[in-house]
Every structure is written in C-alpha cells, then in structure tokens.
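The chain contents come next:
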Amino acid sequence: AQSVTQLGSHVSVSEGALVLLRCNYSSSVPPYLFWYVQYPNQGLQLLLKYTSAATLVKGINGFEAEFKKSETSFHLTKPSAHMSDAAEYFCAVGTSGTYKYIFGTGTRLKVLA
Amino acid sequence: EPEVTQTPSHQVTQMGQEVILRCVPISNHLYFYWYRQILGQKVEFLVSFYNNEISEKSEIFDDQFSVERPDGSNFTLKIRSTKLEDSAMYFCASRGGQSASYEQYFGPGTRLTVT
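Quick note, the sequences are listed as chains A and B, same order.
The first sequence runs 4 to 116 under our numbering.
The second sequence runs -7 to 107 under our numbering.
Just so you know, these hints were derived from the structure itself, not from any lab.
A hint or two may mislead.
[Unchecked claim] Mimicking DSBU-like on lysine-lysine, the simulated pairs with C-alpha atoms at most 30 Å apart in a straight line are:
(1) A/Lys71 <-> B/Lys34
(2) B/Lys49 <-> B/Lys75
(3) B/Lys34 <-> A/Lys61
(4) B/Lys34 <-> B/Lys70
(5) A/Lys71 <-> A/Lys61
(6) B/Lys34 <-> A/Lys52
(7) A/Lys52 <-> B/Lys49
(8) A/Lys52 <-> A/Lys71
(9) A/Lys113 <-> B/Lys70
(10) A/Lys72 <-> B/Lys34
(11) A/Lys61 <-> A/Lys113
(12) B/Lys49 <-> B/Lys34
(13) A/Lys113 <-> A/Lys52
(14) B/Lys70 <-> B/Lys49
(15) B/Lys34 <-> B/Lys75
(16) A/Lys113 <-> A/Lys71
(17) A/Lys72 <-> A/Lys113
(18) A/Lys52 <-> A/Lys72
[To be verified] These stretches of chain B come out as covered by chain A in the derived footprint (C-beta under 8 Å, 3 or more residues):
(19) 23 to 34
(20) 37 to 46
(21) 95 to 107
Being a predicted model, the structure only gives us computed values, none of them experimental.
From the three backbone atoms N, C-alpha and C, an ideal C-beta is built for every residue, glycine too.
Assemble the whole structure, with the sequences as input and the hints as a guide.
Here it is, written out as structure tokens:
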C-alpha cells in the first residue's frame, strides 16, 4: 500500500530564510508525487509534481522539490521565504488504478517578519 | 484557465437531512473525485468516478453517500441522512488523462456544517 508521511505539522521560518518541508513516501511501484498548497479558506493548488522525468522538480512561486529514491523522500524547498508563503502544504502520492491521491497530514508554514 | 467549480461554498443543514453538493469539473476531463477534510485533519479520499460509474470508494463512503453525473457537466455528491460527523470541507477534483502523471485539479470546496 502506498502512503505519505509529512514530518512536522507546524514549521516556522523567518522571512528570507530557507523553507524546508519534509515528505517521505512508501510505495512498491515508482511513485507519482505531488505537492499542493492550501491558503486559508481556499482549495488546493498544485505547486509541483514528480513524474519520473527529472529528479529535481521546479514549481510555482519559487518552490522546488527533489525526488530521492534512496531516501524515499520528496522534500519541498524554497530558498527565501516570503510572507505570502504562509499556508498549509500537502504532499500526496498518486496511486495506481484510479489514480486517487493519498495525502500526508499537512504542514502549516508560518513566516515570521 | 479552466477550473473546477463547486456550489454552494457553504451549506448548513440539520442532522438527518439530505444534502447535495455540486461540482462542475473541467470540461474535457475523464476522472472525477470527491475528497473531504475534517477541520484540522488531512484530506481524505471518498470516491472516484470514471466512465459513468464508481471506480473506487473508501470505507468512509458508505450507503449514505452517492455520486452522480446527471448530465455532461455536473458531478454531484449526495449525503442521504447527514450526521454531525459529516461536517467537513468537501473537495471535488478532476483529471484529464489516463496516465498517472496527470495531476488532479481541485475545486474551492464546500464547507458542510451539520447541526
């Protein structure tokens, strides 16, 4: 069975500091991995996705993620945090068959001025 | 840019009442999904729908739930007799291609409050 684990339900960084949000997956087949962002009272917006074409994936708003098979990880990073990055971030794995998502528990990012 | 829309944005209902949540997926998409997010918890899969039938459902999706695509555009989730624990944000999503690399596009959600 496939699963996703997000370490750290809350992460605080200073404005301008590096953002690192962790995601580890478990999958018996090559995974398709996604990061979504949820701003307060809004829906889920795709940040980026890994589909085996490249291990370093660039997304919107300056975010990127690196797929590391040896570590079963797909951590999300951004070199310099902005106040507007404050949101909840979800890692998800796409499953085979119906391609439904299994989501992690989410990480709420707080950016301090 | 095409988007998934959902109505209503917020629905308040009394326990035991039926509710219908509506979604309009992106027009050329083939796969449709409902997820829910109880306040403060993770997003959970409810059901997937393809080729006019349910392709997979979770254990949450019991006999009180049903889905329908009554015409070429709408995709609905019905809860027959709501319970307090059905209070959650419900997200509709759709995806276009048959490859697993295609991402899902989510609607803004319907917040259901059962009193």
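Verification of the supplied hints:
This hinted pair checks out: A/Lys71 and B/Lys34 have alpha carbons roughly 24 Å apart, not beyond 30 Å. Between B/Lys49 and B/Lys75 the alpha-carbon distance is near 19 Å, which keeps this suggested pair within the 30 Å criterion. The hinted pair formed by B/Lys34 and A/Lys61 meets the criterion: a straight-line CA distance of about 25 Å does not exceed 30 Å. About 21 Å separates the Cα atoms of B/Lys34 and B/Lys70, which keeps this hinted pair within 30 Å; it holds.
Of the supplied pair hints, the one linking A/Lys71 and A/Lys61 holds, its CA atoms being roughly 15 Å apart against a limit of 30 Å. The straight-line distance between the Cα atoms of B/Lys34 and A/Lys52 is roughly 19 Å, inside the 30 Å bound, and the hint therefore holds. For the hint pairing A/Lys52 with B/Lys49, the CA-to-CA distance comes to about 24 Å; that is within 30 Å, so the pair holds. Taking the CA atoms of A/Lys52 and A/Lys71, the gap is about 14 Å. The hint holds against a cut of 30 Å.
As the CA atoms of A/Lys113 and B/Lys70 are separated by approximately 36 Å, the hinted pair breaks the 30 Å bound. The straight-line distance between the Cα atoms of A/Lys72 and B/Lys34 is roughly 25 Å, inside the 30 Å bound, and the hint therefore holds. Annotation: proposed proximity of A/Lys61 to A/Lys113 holds, straight-line Cα distance about 22 Å (limit 30 Å). Pair hint B/Lys49 plus B/Lys34 holds up; C-alpha atoms about 17 Å apart against a cutoff of 30 Å.
Between A/Lys113 and A/Lys52 the alpha-carbon distance is near 23 Å, which keeps this suggested pair within the 30 Å criterion. Distance check on the hinted pair: B/Lys70 and B/Lys49 sit about 14 Å apart at the alpha-carbon level, within 30 Å; holds. Restraint check for B/Lys34 and B/Lys75: satisfied, since their Cα atoms lie roughly 20 Å apart, inside the 30 Å limit. Between A/Lys113 and A/Lys71 the CA atoms are separated by roughly 26 Å; this keeps the pair inside 30 Å, and the hint holds.
Of the supplied pair hints, the one linking A/Lys72 and A/Lys113 holds, its CA atoms being roughly 29 Å apart against a limit of 30 Å. For the given pair, A/Lys52 sits about 15 Å from A/Lys72 by alpha-carbon distance, which is consistent with the 30 Å threshold. For the segment 23 to 34 of chain B, the stated coverage by chain A holds: 5 residues have a C-beta nearer than 8 Å to a C-beta of that chain, and at least 3 were required. Three residues within the 8 Å Cβ limit are the bar, and the segment 37 to 46 of chain B against chain A gives 3, so the coverage statement holds.
Residues of the segment 95 to 107 of chain B lying with their CB closer than 8 Å to a CB of chain A number 7, which satisfies the three-residue condition for coverage.
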